[in-house]
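Trainee: If you're matching them up, the sequences are chains L and C in order. Everything in the first sequence is counted per my numbering, starting at 1 for the first residue and increasing by one. Everything in the second sequence is counted per my numbering, starting at 1 for the first residue and increasing by one.
Think of the hints as simulated: they come from the structure by calculation, not from any bench. None of these values were measured; they are calculated from a predicted model. Any given hint might turn out to be false.
Stated by the list, open to error - With beta-carbon atoms standing in for the labels, derived distance ranges: (1) C/23 - L/37: 36 to 44 Å; (2) C/109 - L/135: 17 to 25 Å; (3) C/8 - L/124: 32 to 40 Å; (4) C/182 - L/92: 57 to 65 Å.
What the hints assert, rightly or not - Partner residues are not named here, just some residues of chain L that face chain C (Cβ under 8 Å, in silico): (5) 80; (6) 113; (7) 122; (8) 140; (9) 143; (10) 164.
Every residue gets a Cβ at the ideal spot worked out from N, C-alpha and C, and that includes glycine.
Listed here are the chains, written in short residue letters.
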Amino acid sequence: MGVENKPKYRKLLSYLLFAGAILWIAIASQSWSDQKAGVRPVKDRTPVANLVFPQLNGGSWRLSDHRGEVVLINYWASWCAPCRQETPGLIDLARDYRYRGLSVVGISMDEGGKPAVESFLREFHLPYPVLMPNLASPSAPAIDALPTTVLVDRNGRVAKSYVGAVRETVFRADVDRLLAEQPAAPAVTASPIRKPSGVAHVSAL
Amino acid sequence: MSRPGPDVAAPFVTAKPKPEYTGEARLARLEGSVLLSLIVGADGLPRDIQVVRSLGLGLDESAVENLRAWQFKAGSRNGSAVDVLVNEEVFFRPQRTLWDWHAVRAVFLSPQSIERPVLIQAKFPATISVEENASVTMTFDVGPRGVPVNLRVVKSSNAKWEAELLRAVSEDWRFRPGYIHAKATTVGKPTTVPAWFEFVRGSHSPIPPLPIPAPGNP
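Using the sequences and the hints given, assemble the complete structure.
Mentor: Structure, rendered in structure tokens:
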């Protein structure tokens with residue numbers, strides 16, 4: 001009798017495994033925030049104040065140095081689970097678009113400086129600059145939740161901001177659209193060239 | 001003690017087992033990481049493990065135990081293995097869907113002389129499919145009978161989420177109370193312990209204030 005029932009059990013087992021796989025896919029697919037609304041129309045975009053933050057490996061990173069590029073600014077912290085979920089997609093994005101006009105930069109919101117993030121960095125080997133603002137400073141980023149990502153167009157305007165972990169495919173679609181836009185020609189003025197006016201945070205989220 | 005740098009190669013993790021959830025952390029769906037400092041010896045073994053950033057509900061202790069079982073290739077200087085001081089994180093992520101409420105921080109604001117409360121029952125508001133990241137941070141006191149009282153929302157992303165969470169914690173969360181022990185050997189006396197909990201739905205984490213203020217002194 002046991003032998004006769006074996007194929008039946010096998011069939012039942014395969015059904016259960018299949019149902020389990022479907023359930024797993026359903027659960028896994030729900031752990032992302034899609035934020036599928038596209039980038040803002042050009043007329044609705046607001047300029048970003050110049051960002052200047054110290055880099056983890058020395059020196060400063062300035063947003064103004066990246067005018068003409070699309071810039072993806074990702075605020076993260078090592079303790080933030082969704083940031084960890086999102087980071088591999090950002091790494092792929094940074095590598096794939098490195099020579100296509102996209103700059104990715106990560107801004108750590110960890111306290112405690114480099115030691116606080118070293119474990120995260122050893123694990124992920126981020127191929128893009130990591131900035132560590134002084135969180136006690138008045139110029140610290142005004143961010144309430146992580147990850148927060150700001151996509152800046154070629155002309156230094158906020159084209160989209162995202163709160164929560166975002167799928168790589170969503171980033172790619174938005175970046176592709178911004179890369180297809182042409183940078184505005186620089187205005188010809190008689191006024192002298194000024195240096196960037198100091199440190200500021202993203203004020204147009 | 002060496003730290004990783006231009007002259008010192010960092011130790012390399014070769015194997016790490018999955019950390020164990022505690023019962024109360026699972027009840028609270030507590031998600032996040034414990035940051036630890038440790039020395040990876042020239043023999044590749046971890047020692048002197050200290051919690052740098054706590055997560056709570058027993059996960060700090062679980063993280064320390066987990067880290068003891070990690071395997072490392074030792075750090076080196078000029079090709080020779082050396083002791084290196086590093087930080088590592090042990091990550092905990094409960095089984096949940098995107099819009100399930102879950103805790104991301106659980107802190108009891110009591111002196112070390114008081115044995116902290118232990119969560120023994122927890123129920124969250126039903127998960128609804130509204131696609132909105134939300135967070136609610138609240139303080140409350142765990143009374144001598146283990147019931148949360150004096151609940152107060154410190155911060156929330158939108159006031160509409162507050163009522164259902166306050167109701168859930170007030171009515172459906174119960175603790176074994178905190179205890180004061182006069183001596184290590186005596187039976188403790190139940191006491192009130194202030195708590196700070198942060199809850200989230202969605203794929204984000206709120207940034208906590210620095211430092212976490214005591215209830216009543218925001």
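Trainee: A separate judgement is required for each hint: does it hold in the structure or not?
Mentor: Hint by hint, here is what the structure shows:
no.	hint	verdict
1	C/23 - L/37: 36 to 44 Å	holds, 41 Å
2	C/109 - L/135: 17 to 25 Å	holds, 22 Å
3	C/8 - L/124: 32 to 40 Å	violated, 21 Å
4	C/182 - L/92: 57 to 65 Å	holds, 59 Å
5	80	holds, 4 Å
6	113	violated, 11 Å
7	122	holds, 6 Å
8	140	violated, 10 Å
9	143	holds, 6 Å
10	164	holds, 4 Å
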